[in-house]
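S.K.: The lines below spell out each chain.
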Amino acid sequence: MRLTLEIWRQKGADDAGRFVRYEHDEVSEHMSFLEMLDVLNQKLIEKGEEPVSFDSDCREGICGMCGFVVNGYPHGPQPLTTVCQLHMRFFHDGDVLRLEPFRAKAFPIIRDLAIDRSALDRIIMAGGYNSINAGGPRDANSILVGKKEADLSMDAAACIGCGACVAACPNASASLFTGGKISHLGLLPQGEPERKTRALSMVERHNTEGFGGCTVIGACAEACPKGLKLDFIARMNKDYLAGTVTYREGAAGGGSG
Amino acid sequence: MPTLDSRIPAGPLAEKWTKRKADMKLVNPANKRKYTIIVVGTGLAGASAASSFGELGYNVLNFCFQDTPRRAHSIAAQGGINAAKSYQNDGDSVWRLFYDTIKGGDFRAREANVYRLAEVSNNIIDQATAQGVPFAREYGGTLANRSFGGALVSRTFYARGQTGQQLLIGAYQSLMRQVELGKVKMFPRTEMLDLVVIDGRARGIVTRDLVTGKVESFLGDAVVLATGGYGNLYYLSTNAKGSNVTASWRAHRKGAFFANPCYTQIHPTCIPRAGEYQSKLTLMSESLRNDGRIWVPKKAGDGRAPDQIPEGERDYYLERKYPTYGNLAPRDISSRAAKQACDAGLGVGPGGLGVYLDFSDSIKRLGASAIGERYGNLFDMYQRITGENPYQVPMRIYPAVHYTMGGLWVDYDLMSNLPGLFVLGEANFSDHGANRLGASALMQGLADGYFVIPYTIGDYLARGGIAKVGTDHTEFKAAEAQVNAQEKKFLSIQGKHTVDYFHKKLGNIMWENVGMARTQESLEKALREIPALRDEFWQDVKVPGIEGEFNQELEKAGRVADFLELGELLATDALQRNESCGGHFRSEFQTEDGEALRNDADYAYAAAWEWNGASKPWTLNKEPLVFENIHLQTRSYK
Ligand SMILES: Cc1cc2nc3c(=O)[nH]c(=O)nc-3n(C[C@H](O)[C@H](O)[C@H](O)COP(=O)(O)OP(=O)(O)OC[C@H]3O[C@@H](n4cnc5c(N)ncnc54)[C@H](O)[C@@H]3O)c2cc1C
Ligand code: SF4
Ligand code: FES
Numbered sequence: 001m002r003l004t005l006e007i008w009r010q011k012g013a014d015d016a017g018r019f020v021r022y023e024h025d026e027v028s029e030h031m032s033f034l035e036m037l038d039v040l041n042q043k044l045i046e047k048g049e050e051p052v053s054f055d056s057d058c059r060e061g062i063c064g065m066c067g068f069v070v071n072g073y074p075h076g077p078q079p080l081t082t083v084c085q086l087h088m089r090f091f092h093d094g095d096v097l098r099l100e101p102f103r104a105k106a107f108p109i110i111r112d113l114a115i116d117r118s119a120l121d122r123i124i125m126a127g128g129y130n131s132i133n134a135g136g137p138r139d140a141n142s143i144l145v146g147k148k149e150a151d152l153s154m155d156a157a158a159c160i161g162c163g164a165c166v167a168a169c170p171n172a173s174a175s176l177f178t179g180g181k182i183s184h185l186g187l188l189p190q191g192e193p194e195r196k197t198r199a200l201s202m203v204e205r206h207n208t209e210g211f212g213g214c215t216v217i218g219a220c221a222e223a224c225p226k227g228l229k230l231d232f233i234a235r236m237n238k239d240y241l242a243g244t245v246t247y248r249e250g251a252a253g254g255g256s257g
Numbered sequence: 258m259p260t261l262d263s264r265i266p267a268g269p270l271a272e273k274w275t276k277r278k279a280d281m282k283l284v285n286p287a288n289k290r291k292y293t294i295i296v297v298g299t300g301l302a303g304a305s306a307a308s309s310f311g312e313l314g315y316n317v318l319n320f321c322f323q324d325t326p327r328r329a330h331s332i333a334a335q336g337g338i339n340a341a342k343s344y345q346n347d348g349d350s351v352w353r354l355f356y357d358t359i360k361g362g363d364f365r366a367r368e369a370n371v372y373r374l375a376e377v378s379n380n381i382i383d384q385a386t387a388q389g390v391p392f393a394r395e396y397g398g399t400l401a402n403r404s405f406g407g408a409l410v411s412r413t414f415y416a417r418g419q420t421g422q423q424l425l426i427g428a429y430q431s432l433m434r435q436v437e438l439g440k441v442k443m444f445p446r447t448e449m450l451d452l453v454v455i456d457g458r459a460r461g462i463v464t465r466d467l468v469t470g471k472v473e474s475f476l477g478d479a480v481v482l483a484t485g486g487y488g489n490l491y492y493l494s495t496n497a498k499g500s501n502v503t504a505s506w507r508a509h510r511k512g513a514f515f516a517n518p519c520y521t522q523i524h525p526t527c528i529p530r531a532g533e534y535q536s537k538l539t540l541m542s543e544s545l546r547n548d549g550r551i552w553v554p555k556k557a558g559d560g561r562a563p564d565q566i567p568e569g570e571r572d573y574y575l576e577r578k579y580p581t582y583g584n585l586a587p588r589d590i591s592s593r594a595a596k597q598a599c600d601a602g603l604g605v606g607p608g609g610l611g612v613y614l615d616f617s618d619s620i621k622r623l624g625a626s627a628i629g630e631r632y633g634n635l636f637d638m639y640q641r642i643t644g645e646n647p648y649q650v651p652m653r654i655y656p657a658v659h660y661t662m663g664g665l666w667v668d669y670d671l672m673s674n675l676p677g678l679f680v681l682g683e684a685n686f687s688d689h690g691a692n693r694l695g696a697s698a699l700m701q702g703l704a705d706g707y708f709v710i711p712y713t714i715g716d717y718l719a720r721g722g723i724a725k726v727g728t729d730h731t732e733f734k735a736a737e738a739q740v741n742a743q744e745k746k747f748l749s750i751q752g753k754h755t756v757d758y759f760h761k762k763l764g765n766i767m768w769e770n771v772g773m774a775r776t777q778e779s780l781e782k783a784l785r786e787i788p789a790l791r792d793e794f795w796q797d798v799k800v801p802g803i804e805g806e807f808n809q810e811l812e813k814a815g816r817v818a819d820f821l822e823l824g825e826l827l828a829t830d831a832l833q834r835n836e837s838c839g840g841h842f843r844s845e846f847q848t849e850d851g852e853a854l855r856n857d858a859d860y861a862y863a864a865a866w867e868w869n870g871a872s873k874p875w876t877l878n879k880e881p882l883v884f885e886n887i888h889l890q891t892r893s894y895k
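Read top to bottom, the protein sequences are chains S and H.
Position one of the first sequence corresponds to residue 1 (the numbering used here), numbered consecutively onward.
Position one of the second sequence corresponds to residue 258 (the numbering used here), numbered consecutively onward.
Take these hints with a grain of salt, some might be off.
Simulated restraints, written as ranges between beta carbons of each label pair [said to hold, decoys possible]:
| # | chain 1 | residue 1 | chain 2 | residue 2 | range |
| --- | --- | --- | --- | --- | --- |
| 1 | H | W352 | S | P77 | 46 to 56 Å |
| 2 | S | E26 | H | P607 | 13 to 23 Å |
| 3 | H | E804 | S | R98 | 26 to 36 Å |
| 4 | S | P77 | H | T848 | 46 to 56 Å |
| 5 | S | P79 | H | K746 | 42 to 52 Å |
| 6 | S | K148 | H | G558 | 32 to 42 Å |
| 7 | S | R98 | H | L877 | 49 to 59 Å |
| 8 | H | L438 | S | P77 | 41 to 51 Å |
| 9 | H | L438 | S | P79 | 35 to 45 Å |
| 10 | S | R9 | H | K282 | 50 to 60 Å |
| 11 | S | P193 | H | G439 | 15 to 25 Å |
| 12 | H | Q833 | S | R9 | 24 to 34 Å |
| 13 | S | G17 | H | G633 | 37 to 47 Å |
When the alpha-carbon atoms are kept at most 30 Å apart in a straight line, the in silico BS3-like pairs for lysine-lysine are as follows [claimed, not checked]:
| # | chain 1 | residue 1 | chain 2 | residue 2 |
| --- | --- | --- | --- | --- |
| 14 | H | K895 | H | K511 |
| 15 | H | K813 | S | K47 |
| 16 | H | K761 | H | K734 |
| 17 | S | K11 | H | K511 |
| 18 | H | K471 | S | K43 |
| 19 | S | K105 | H | K442 |
| 20 | H | K753 | S | K43 |
| 21 | S | K11 | H | K746 |
| 22 | S | K43 | H | K762 |
| 23 | S | K43 | H | K745 |
| 24 | H | K511 | S | K43 |
| 25 | S | K11 | H | K442 |
To list a few chain S residues with every Cβ distance to chain H over 10 Å, as calculated [unchecked claim]:
| # | residue |
| --- | --- |
| 26 | E23 |
| 27 | C58 |
| 28 | L97 |
| 29 | N207 |
| 30 | G218 |
It is worth saying that the hints were derived from the structure and are not from the lab.
Glycine residues also receive a C-beta, built at the ideal position from the N, C-alpha and C atoms.
Using the sequences provided together with the hints, build the complete structure.
M.R.: Right, dumping it as structure tokens:
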């Protein structure tokens, strides 16, 4: 099949950037979206042009390294699918596809479709863990966890840190990402001791990293390739509020920030 | 010549590790902050090591080429992690896990290392659970288990189909805690391009910042490589696009021995290749073999749809050949059986390169929702890639390169022959012999990082003798100059073909000649073709762009240049090993019914290859494998 691609080209953070049109006539329906771009890049290099920069690694939908916007949809239009797992049989001959990076103040552009998402790491740094050292823990089966809680915790832990939720949100909020981590750990007895302080510090870091506040629009959950639910943001808000009450007497609860 | 002393402690097998720990020198806690440890890699092995060092009080510099440590390729492991907990009361024990692993490795691993691995396996599950890894649970709240290939007990722990992801996120979170505390300094999007050796000790690395292109030196008291496997030598593999051998290879060129490269694992259950443009192959976890049955039609060229082929006209060949283990036969055996079926014209799907993995019996027995609960995400992934629904039609699978048992040689303390250079995880050669069992790589990576290296590196540092130098030392400057020169060279060639063009060609040579079955003839052919391709690469590759900027083609060029050398060593190793064992099958050496024929009298050694300079033959050093506790026998899964 044959496609027209309009791809965002930007040399670096200081470059203004612009869309460039490419006609691509070597597309097979069995290709993945990224393989389609690989083929384009091979042709560009052979012609002496600059290939399109984009990130990827596992190409199995699990590492979270890939991600850009296709026709307005982060990771493209197929629900619950990262762009590396999106296949060309989802599109039609003659389609025009517009590719641009995930855009957010907290995600500076490195080049073309590749961006800097290190702000997400810094949210985890603020408390996205149980503070235990290697060597100490007792027998795993001495902590019993109900299957339902374990499964729900796993649902939240499935986040791959891709940042699509941020790109989808009109406020560029990372609340789904942050709420996912707070829920994953907070739902387990092992995470209980730090549940409130964790929420407090992670939400505050989220805000200082330049992500916007949550106004419960829900675009994040629609874009999320791993199906994280808005409930996780509600849990975050609850733990955050409890944290402000317990640990910061007098400080007004600011919601998900 | 450097010596190959494996430094295995004397004494009974079950007491070796305890004894080794008791004999170790310790670093005074107040002095730990005076030491800097460089850790390259943030997979299970690297992240667990770096966070543990931070917890102990060392200063840590930690590097990875992805944009965040959480994306290391360990994330892709689906099936699970083994431990000898014996929670199922089904007869498991440390000894049995040890024995299964040694046997699964076709008796080509060190007893002492494997025993220690089984011994610490239980601590890993405790550690991960405390971190909040959401392992699958039974209704009563205890941890759930499943079975994996090569074992008759149920000892595999899992987190849905995302075990590697959850274990890595656990390790990553601990690592991020240390970054916040200032003990670990993290360098993502930074690639190690050389190892610096001063006075015979590993003292640092030279890196390239992948965003700005800046080449920089880092000094440490010890260097730990946890840089993963190199299956991408074959171009198509189940590894991530970025997985490569460069860190290990550059260390090899600086004197570290490379051991057993010929042991490559070809995984039996991967989605078959669809076309020329294919960029990687996707694994369908071995855990599927718990409930899926593998078969091909009995008649060659049978074009009927699978549901039109009656039971009597199907060959469930693993169940037929290996009645005891059946569909859970180890990977090397299952892969070869699939290849034999396809070579005999019985394969299914495009090009006849596939066999069926059929869930219809299990779905009838347990219901679609129970199967979905176990494997839902794998079924979804299969459907996204192939457009077929495995609840309705059997999956088509074919073997693909998956794991590399070989790697840098290390002693019992996980130190290479270069003092101060430690190697962990898939990057070393130590624990899996000639074939790795499923669910044991995650175990090894975390055992190395959480429970072995924190002890052994302390012993190395406490013994002292590490000179005071700086990154202005001539060895650092020389390594930087070398890295810069190679970049300039790549950019100046401006030939006709892309880096991928050469990588695909190399992969093809390897797969055809040094793949699932090798012969003297095919290996000699590979040894002619690889150097010729390498010469062509250095004259005719086209790398666009300039230095000093984000340049993904330049990154790939360096990795492929190293693969073009590694391929030659792999074929050389395969040629000298005149036997078949595990992932190394030489067609000349097989039993009458087509099983691997080992030669213990002549080949019960680890082959540790020494670099002598470009275009010079390697020197082979042999570490004899001594079996004091188990009896060498022909592996049987019948
Ligand atoms: C698809 C798949 C499924 C698997 N499933 C299972 C399973 O179910 N159970 C099991 O036990 N095993 C499984 N394995 C095997 C297992 O996942 C790996 O062997 C293991 O995770 C490797 O961990 P590692 O820490 O050694 O390396 P990796 O996780 O590969 O990490 C390598 C690290 O090194 C860094 N790095 C590499 N080179 C450089 C360089 N030059 N400069 C800077 N950084 C560098 C990378 O950035 C990365 O951080 C699977 C493997 C694959 C591919
Ligand atoms: S919550 Fe979903 S969209 Fe957001 S980072 Fe995680 S996986 Fe990506
Ligand atoms: S490349 Fe790993 S999720 Fe897409």
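S.K.: Could you run down the list of hints and mark each one as holding or not?
M.R.: Taking the hints in turn, this is what the structure says about them:
1. H:W352 / S:P77: 46 to 56 Å: For P77 (chain S) against W352 (chain H), whose Cβ atoms are near 54 Å apart, the range 46 to 56 Å holds.
2. S:E26 / H:P607: 13 to 23 Å: holds (19 Å)
3. H:E804 / S:R98: 26 to 36 Å: Taking Cβ atoms as reference, E804 (chain H) and R98 (chain S) lie about 32 Å apart, which means the hint holds.
4. S:P77 / H:T848: 46 to 56 Å: holds (54 Å)
5. S:P79 / H:K746: 42 to 52 Å: holds (47 Å)
6. S:K148 / H:G558: 32 to 42 Å: At 51 Å between Cβs, range violated.
7. S:R98 / H:L877: 49 to 59 Å: Between R98 (chain S) and L877 (chain H), where Cβ atoms are some 57 Å apart, the hint holds.
8. H:L438 / S:P77: 41 to 51 Å: For P77 (chain S) against L438 (chain H), whose Cβ atoms are near 42 Å apart, the range 41 to 51 Å holds.
9. H:L438 / S:P79: 35 to 45 Å: holds (39 Å)
10. S:R9 / H:K282: 50 to 60 Å: holds (57 Å)
11. S:P193 / H:G439: 15 to 25 Å: At roughly 23 Å between Cβ atoms, G439 (chain H) and P193 (chain S) fall inside 15 to 25 Å, so the hint holds.
12. H:Q833 / S:R9: 24 to 34 Å: violated (51 Å)
13. S:G17 / H:G633: 37 to 47 Å: holds (40 Å)
14. H:K895 / H:K511: Since the Cα atoms of K895 (chain H) and K511 (chain H) sit roughly 45 Å apart, the hinted pair is violated (cutoff 30 Å).
15. H:K813 / S:K47: The hint holds at about 19 Å.
16. H:K761 / H:K734: With Cα atoms ~34 Å apart, K761 (chain H) and K734 (chain H) exceed 30 Å; violated.
17. S:K11 / H:K511: Violated: K11 (chain S) and K511 (chain H) sit about 36 Å apart, past 30 Å.
18. H:K471 / S:K43: holds (28 Å)
19. S:K105 / H:K442: Holds: K105 (chain S) and K442 (chain H) sit about 25 Å apart, inside 30 Å.
20. H:K753 / S:K43: holds (12 Å)
21. S:K11 / H:K746: OK: K11 (chain S) and K746 (chain H) at ~23 Å, within 30 Å.
22. S:K43 / H:K762: Satisfied, since the Cα-Cα distance of roughly 17 Å is no more than 30 Å.
23. S:K43 / H:K745: holds (23 Å)
24. H:K511 / S:K43: violated (37 Å)
25. S:K11 / H:K442: Between K11 (chain S) and K442 (chain H) the Cα gap is close to 28 Å, so the pair holds against 30 Å.
26. E23: Fine: 17 Å to the nearest Cβ keeps E23 (chain S) off the interface.
27. C58: Per Cβ check, C58 (chain S) is inside 10 Å of chain H; nearest 5 Å; violated.
28. L97: Nearest chain H Cβ is 17 Å from L97 (chain S), so the label holds.
29. N207: holds (17 Å)
30. G218: Fine: 23 Å to the nearest Cβ keeps G218 (chain S) off the interface.
Checked against the numbered hints above, the structure violates hints 6, 12, 14, 16, 17, 24, 27; every other hint is satisfied.
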